[in-house]
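Q: Knowing the structure of chain A, use the given hints to seat chain B on it.
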Amino acid sequence: MIVPFGHVLLLAGVLFVLGMFCAVARRNLIMMVLGVEIMLNAAAIAFVGSSLRWHDLEGQAFTLMLLAVAATEVSVGLAIVVYAFRRRDSVDPGSFNLLQ
Amino acid sequence: MTLYALLFYVLSAVVVGSTAMAITRRNLVHAVLYLVLSFIGSAMLFYLLGAPLLALLDVIIYAGAVMVLFLFIVMMIKAVSPEKVLFPLNQWYPAAVFGFIYLIIGALLVAAAPGGDVTLTAAVAQPAAFGRYVFEKHWFAIELVSLLLLVALIGVLLLGKTGSKAEIEDEP
Numbered sequence: 000m001i002v003p004f005g006h007v008l009l010l011a012g013v014l015f016v017l018g019m020f021c022a023v024a025r026r027n028l029i030m031m032v033l034g035v036e037i038m039l040n041a042a043a044i045a046f047v048g049s050s051l052r053w054h055d056l057e058g059q060a061f062t063l064m065l066l067a068v069a070a071t072e073v074s075v076g077l078a079i080v081v082y083a084f085r086r087r088d089s090v091d092p093g094s095f096n097l098l099q
Numbered sequence: 000m001t002l003y004a005l006l007f008y009v010l011s012a013v014v015v016g017s018t019a020m021a022i023t024r025r026n027l028v029h030a031v032l033y034l035v036l037s038f039i040g041s042a043m044l045f046y047l048l049g050a051p052l053l054a055l056l057d058v059i060i061y062a063g064a065v066m067v068l069f070l071f072i073v074m075m076i077k078a079v080s081p082e083k084v085l086f087p088l089n090q091w092y093p094a095a096v097f098g099f100i101y102l103i104i105g106a107l108l109v110a111a112a113p114g115g116d117v118t119l120t121a122a123v124a125q126p127a128a129f130g131r132y133v134f135e136k137h138w139f140a141i142e143l144v145s146l147l148l149l150v151a152l153i154g155v156l157l158l159g160k161t162g163s164k165a166e167i168e169d170e171p
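Chains as they are written, first to last, in numbering that gives the first Met the number 0: chain A, 0 to 99; chain B, 0 to 171.
Extracted from the complex, chain B is given alone in its bound form:
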């Protein structure tokens, strides 16, 4: 086992472990902090898989901006957690069964697929080359994404401006 493989397995164990911790916490702040750990781990995975620019963006956007936004919301709305952490099992056990079946079948497919056992060779996409590639081949998608962000900004503004509780209750 090479150093790369060792790093990959340790990292993926940490990522899966901290995600599992995150989704089972009752306290939302703890959940978000565990998820920050998980996202930093997946940023390191990106770096290991040869995407340094995406690794940095993952830390900045996911572990930084998105998770801090979650923390703000969790602290802002001071919600009392519901008594039950999970929905009653009889409501979602079909979904659980189907999800489990999909996981098994997915694992079998990955094991059986031709080319699934191809060993990855280490390579790095230099940030400059990657940026050039994106802006040469996908400039239109970049423009669309900027439009999407603008639309989201306007939508969030509208949702947030629908003022106080009294104002909302007058509405219907």
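Isolated chain A (complex conformation):
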């Protein structure tokens, strides 16, 4: 006996909101990428929890794909951050206003 399934979902939800806060409100490109990473991790926790809830390996298989997608996302995201930093010498999202 571990815990009610709802508590796992609640934990994942709280982590997701924390990551969303980081991605939306932090004034730093690197922290925004970090926030997306936190959100993906929260989703992975929900998947593993539901995999245990229904005793089905499908959730864990999806988490495996999620790990690969997260690794891809972070490498491309950070490459874009470095590219943007070279253009503007800044990681402040507010300084990328060419289109305004």
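In case anyone wonders, no lab produced these hints; they're calculated from the structure. All residues carry an ideal CB built from backbone N, CA and C; glycine is no exception. Some hints could be false.
[Unchecked claim] Computed footprint of chain B on chain A, listed as stretches where at least three residues anywhere in the stretch have a Cβ under 8 Å from a Cβ of chain B:
{"no.": "1", "segment": "1-7"}
{"no.": "2", "segment": "10-23"}
{"no.": "3", "segment": "46-59"}
{"no.": "4", "segment": "73-87"}
[Stated by the list, open to error] Listed next, the stretches of chain A that the computed footprint assigns to chain B, with coverage defined by at least 3 CB atoms under 8 Å from CB atoms of chain B:
{"no.": "5", "segment": "33-43"}
{"no.": "6", "segment": "62-70"}
A: Using the frame of chain A, we list chain B on its own:
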């Protein structure tokens, strides 16, 4: 309360706490190190929820590779942190309000949903069985993921090769 439940609550408190510390740090290196703590905690949660292989992969990929990549970038570009840690509140308070409403509604949904109070029973997916399952049922997804990684590799190479600052400024 069983030992498992105690472990779960302690672990989730540590994970949420260190994530909250991470997203509020001004110094990026501190933020990344707190996040390493958070990801190791969530790897332990995976182990507790019966996914030992995923727990190991989480430590290797998230806490190892991804966070070290972040550290490299943070140290490489020597960015001066902007004066303000957050955007001005009036820019994102609608998002904050909606996010808060979603959190409340999500908590209520979890509390009200049938089956939400089903207690999880401990079980372990043996790594060998899990690997066999993945490669029998999802071999095509594995191939797609490998293609995705290849595409990401090429994309990152292209982005990184767009050389020096002068070269970029000549472009437009």
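Q: Each of the hints needs a verdict: does it hold here or not?
A: Verification of the supplied hints:
| no. | hint | verdict |
| --- | --- | --- |
| 1 | 1-7 | holds (count 7) |
| 2 | 10-23 | holds (count 11) |
| 3 | 46-59 | holds (count 8) |
| 4 | 73-87 | holds (count 12) |
| 5 | 33-43 | holds (count 6) |
| 6 | 62-70 | holds (count 8) |
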